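Enquirer: Okay, here's what each chain looks like letter by letter:
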Amino acid sequence: MGLASRPGSALVVVLGVACVVGVMLSVLSVTAGLVRASRSGADSRNAIVLATEALGEGASSISRDTCSTLLQAPGVAHGPDGRAIVDCEVLQGLAPRGFAWGMLFVRGVGDHAWPLHSDFKIVTGRLFRPGIHELAVGVGALAIFNLKVGDTVILPDGEWPIVGAFSSGGGVLESQLLADAATLTASTRANSFNSVLVRLESPDAFEAFERWIEHNPGLAVTAERQAQFYLRSVASFTRFFSSLAFFIATILAIGALFGSLNVMYGRVRARTREIITLRIFGFGALPIALSVLLEAILLSLVGASIGAVCAWLLFNGRHSVVVNTTFQLSVTPHFVVVGFAWAITIGLVGSLLPALRAVRLPITAGLRETTMS
Amino acid sequence: MGCTMKYLPLICSALLRRPTETILTFLAVTAGFILFASMMGLNVTYQRAIEGAREDRLIVVSRFPATLGGLPIGLEERLRSVPGVAAAGAWASVCGHYGAEQQFTCIYNVDDGMQAAFPFPIDPVDWNLLMNTLDGMLVSRKAAQAMNLRVGDILTVAVGAGVRGDGSNSWPFKVIGIVPDSPEWRHGYKVGNLKYFQNNRPLELQGLIGGFRLGLTDSDHVNEVTRRIDRFFANSGTPTQSFSAREDAANSYRSVVDMALLTRLVAGAGLFLIVYLSANVIARAVQERTAEFGVLQAIGFTRIQLMALVCAEAAIPCLLGAAVGTWLAAMLTTVPNRWLPAGVDIPEATVSSAVFGAALGAAAVLALFSSALPILMLWRRRPAELLAAS
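Sequence lines, in order, name chains A and B.
Letter by letter, the first sequence follows residues 119 to 491 of our numbering.
Letter by letter, the second sequence follows residues 51 to 440 of our numbering.
Bear in mind the hints are in silico, worked out from the structure with no lab data behind them.
Being a predicted model, the structure only gives us computed values, none of them experimental.
Idealized CB from N, CA, C, for every residue including glycine.
Hints are all accurate, no fakes.
One-sided and incomplete, this derived list gives chain A residues near chain B with beta-carbon spacing under 7 Å:
| no. | residue |
| --- | --- |
| 1 | Leu133 |
| 2 | Cys137 |
| 3 | Thr170 |
| 4 | Glu171 |
| 5 | Ala172 |
| 6 | Ala177 |
| 7 | Ser179 |
| 8 | Gly211 |
| 9 | Leu212 |
| 10 | Ala213 |
| 11 | Pro274 |
| 12 | Ile366 |
| 13 | Gly373 |
| 14 | Gly377 |
Listed next, with one range per pair, are the computed distances between beta-carbon atoms:
| no. | chain 1 | residue 1 | chain 2 | residue 2 | range |
| --- | --- | --- | --- | --- | --- |
| 15 | A | Gly435 | B | Phe282 | 41 to 47 Å |
| 16 | B | Gly257 | A | Pro335 | 28 to 34 Å |
| 17 | B | Ala438 | A | Gly402 | 38 to 44 Å |
| 18 | B | Ala438 | A | Leu470 | 37 to 43 Å |
| 19 | B | Pro233 | A | Trp232 | 47 to 53 Å |
| 20 | A | Gly200 | B | Asn273 | 54 to 60 Å |
| 21 | A | Gly249 | B | Val175 | 57 to 63 Å |
| 22 | A | Pro321 | B | Phe282 | 49 to 55 Å |
| 23 | A | Pro125 | B | Leu410 | 29 to 35 Å |
| 24 | B | Pro171 | A | Leu470 | 54 to 60 Å |
| 25 | A | Gly268 | B | Asn273 | 26 to 32 Å |
| 26 | A | Ala353 | B | Pro222 | 25 to 31 Å |
| 27 | A | Asn334 | B | Asn273 | 49 to 55 Å |
Here are some, though not all, of the chain A residues that point toward chain B, as calculated from beta-carbon distances under 10 Å:
| no. | residue |
| --- | --- |
| 28 | Leu129 |
| 29 | Ala169 |
| 30 | Gly176 |
| 31 | Gln210 |
| 32 | Met221 |
| 33 | Ile272 |
| 34 | Arg307 |
| 35 | Leu337 |
| 36 | Phe365 |
| 37 | Ile369 |
| 38 | Ser378 |
| 39 | Asn380 |
| 40 | Tyr383 |
Chain A extracted, bound-state conformation:
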C-alpha cells in the first residue's frame, strides 16, 4: 500500500540508489576483472622466477645458465619424457600499430610452455611453428588492438604473420602475442630471458623450491607463486579502482541519502491519515516504524537491483585494458552483495528519522489535519 502510493517519489529513492550501486559496480568491475584475469591465468602448481629485485617481468633478466640450473631444482615436476617442466620465457614490447597508447607484448615460449598453461586453446588458425617468424595472438589483444589472424606485426627482423588466435581461460596471457622463444631471442638479439615459469610437483613443493633458490644466491633470482605474482602486478590498480569506486559511491550515497530522507518525510506526511487510523486501531509504534523502514529498504533494494542489472548489461564481459593487460570487466556476485549492503544502509539511514516522525504523530493533531484536508 505504502509502496504503491506516490510512485513518483518512490522512483526518486529507487533511481537514487540505482545511481549509487550502478556507478559503484561499474567502477568495481575493473577491479573484479583484473583480479579474475590474474587468477584465471595462474595454476597453483606454477611458480615464476624473476631476477632479484626486478620490478616485474619487463625489468627482469635471467641468464641462460641460471635457466639451465633451475632445471635441477627440487620440487620441479617432470613430464612423461622425463624432462623438467620449466619454460624460460622472453618478453618483447612493441607499440601496437594504429594506437597512440598502450604496449603490446610478444612472449617467446619454449616447447614446455603448454603443460604450464592448462587452459591454453587455439581458437582460430594454428599455433606458430618453432624456428619460423610466426605469431599467435591472444583473444584479449585481438579484441583491444584490432588484430586479426593474417595480419603482420613488425619486429626487429621484419614482419611476422599472425597465424592463429588463442584463449587461456581469460588469463593475462590473452593480452599478448606468442612466439617461439629461440626464434624471438635470435631476432631481438637478446642474450637473456625475462622469466622462468616452473611447474612444481605439487603446490606444497613451492617452499622447498624457494628455499633452494635462497640457498643459491649466485643465481640472483627470486621465486613467487604464479597467482601471487599476477595479483601483485595489478595490486596498485585494483586498489586504485576500488578506492575510486568507494569514494565516488560515498558522495553519491550522501546525495541519495538526503534524497531518501526528503522523500520518506513526504511519504509519511502523505500517509498521515493512514498512520493515525492504524494507531487508532491499536497498532503500536514498532510496526508503524518498521513499515516505514521496510518501505525505504524495499525501494532501495529495487534501486540496487536496477543499478546492478544496468552495470551488468553495460559492462560485464566487455574487454578493457589497464596498463597493457587486457581483461574482461566483471560484475561479480561479491560486489553485487556489497552494493546491496550499501543500498540497505541508505534505505535504513534515510528512513530512520521519518519513521520516528511517523510514530510520534499526535493522534488528535493528526486527526485534525486529516479532517481539514
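With the hints as your guide, set chain B onto chain A.
Expert: Chain B only, in chain A's frame:
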C-alpha cells in the same frame, strides 16, 4: 527592483513552506555538485597536464624496448644533426625500491645536453654541480618532502640483478641540492648524472641508455621531424619511436583507463541523481499549491510570471547547491589522496572558474528540467481549474 520585491516574498514563502524539505533538497544537490565539480576538476587537471606538455619537445625511445638496454648514446650526435632539431639530451632511469618500507622510486639520469633540450627549472650553479659530481642527485622540493631527503643524505636504490656491472643490487645517490619543482613532474623529480649511470653498467650494456629528449626549432613541424627521425633509423640496428611530450602526456592518461570518459560518466550520474530529485520536489510543491497558483492567476499574475516563479523556486536550491558543492569540491581536492591507501594516487582536481561556471550552468539547466513538468501542468490548466483544485 520593484519587480524583485514583488516576487521575492512569494519565492521565499514557497521555499520556507517546508524548510526541512528545502534543506534536504539543497544538501542532496550540494552532494551531487561536489561529485560533479570534483570529476570536472579532475578532467581539467588532466587536460592542463596534456596542454602544459610541450608540443615542440620530442621523446625518442627504442621501437623495440629491451629489458636492460635501450638506444646507443652514439645516436645523440646524429639526432642533433636532424633538420628541425635544436638540442638533444640523453637520459636513463635507475628504478628500484628504497627504505625499510620498500617504496618504489626512479632517478632520472641526464647528460649536459638535457638542459638545452628539455630544461629543468634548475639554476646553472646547481646544474654544473650535478654535471661535476658523479654520484650526485638534485631533488625537487616536492620529492624531497615526500621522501624526507636533505642535502648530504644518501639514497640507496635497490635495483634488479644485472643492472649494475659490479653485480651489486644497491645503487647509492648523494643529494647535492634541493631545487624548484616543475609542472611536468607532478610528484617532483630526482635528477642524476648520466655518466654515473654509464660507468656502473655491465660491460655489455655500456653505451646503452633509455632514450633522448629533443628540443625543436619549430613546433609547427613536429610530425615532420618525428617521421624524419623514425625513417632515418628504421633500418638500423636500433629503430626508434619518436613522439611529442604532449602526446606522451595524453598517452599516459589514456593507458590506465580513459579518465575523460570515466569522469564524465560519473559527473553525469551525479547530475541525473539531482535532476530527478529536484524535479520530484518541485512537482510535489506545485501540486500541493495548485489552488495558490489559481489565486495568483485570478489576481492578475500572467502564466509567464507563474512559470518564472516555479523556475526560481527550482533554481534557488540548485544554484546554491552548485555554488556550495563546487566550493566544497575545491576545498576537498587533497582529501581523496589522504583517504586512499598508500601507493594509490589520484591527481588533485583543478576546480577552476571554468568548472565553477560549468556547475552553475548545469544547475540552471537542471532547474529548467526540474520545473518543466510542473510548468506544463500549470500551463495546461485554466485558472478556474486551478482554483477548483482547492
